[in-house]
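All chains, please: the whole structure from these sequences, using the hints.
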Amino acid sequence: MSRFVVPPRVAFVVPRTDATQVFLMALPDGPPFILTDTAAVIWVLAADGETDVARAVGDVVGVPREAIVTEVEQYLRDLVSKGLLSATE
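In this text, residue positions in the sequence shown follow the working numbering: the first is 614, and each later residue adds one.
If you're looking for bench data, these hints aren't it; they were derived computationally from the structure. Certain hints may be false.
Unchecked claim - Here are the simulated DMTMM-like pairs of lysine to aspartate or glutamate, each with C-alpha atoms no more than 20 Å apart in a straight line:
id : residue 1 : residue 2
1  : K695      : D661
2  : K695      : D642
3  : K695      : E684
4  : K695      : D650
Stated by the list, open to error - Pair ranges (Cβ atoms, derived):
id : residue 1 : residue 2 : range
5  : L640      : E679      : 36 to 44 Å
6  : V627      : T664      : 16 to 24 Å
7  : L640      : R678      : 33 to 41 Å
For each residue, glycine too, the CB sits at the ideal point set by N, CA and C.
Below you can see the structure in the form of structure tokens.
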């Protein structure tokens, strides 16, 4: 499984009162992104170094890993393609 890191030029804010929102922007001039709900949970878990993001998301939302793994992995690839996460080995 891949690990993910936040690229050095990505700024982010996760409000202390609401971990289901993440505000992201590639500095200095990238477009702003707002992730909410499960999208925010996926990004936070990946950015925190979780190696099995699908399992961790399933634990948070109460869904078996097998039911969401394809969608979670596709979303992680999308975040990487937008430069909001980097995959490491």
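- Message: Hint compliance check: list the failing hint numbers for this structure, sorted ascending.
- Response: none
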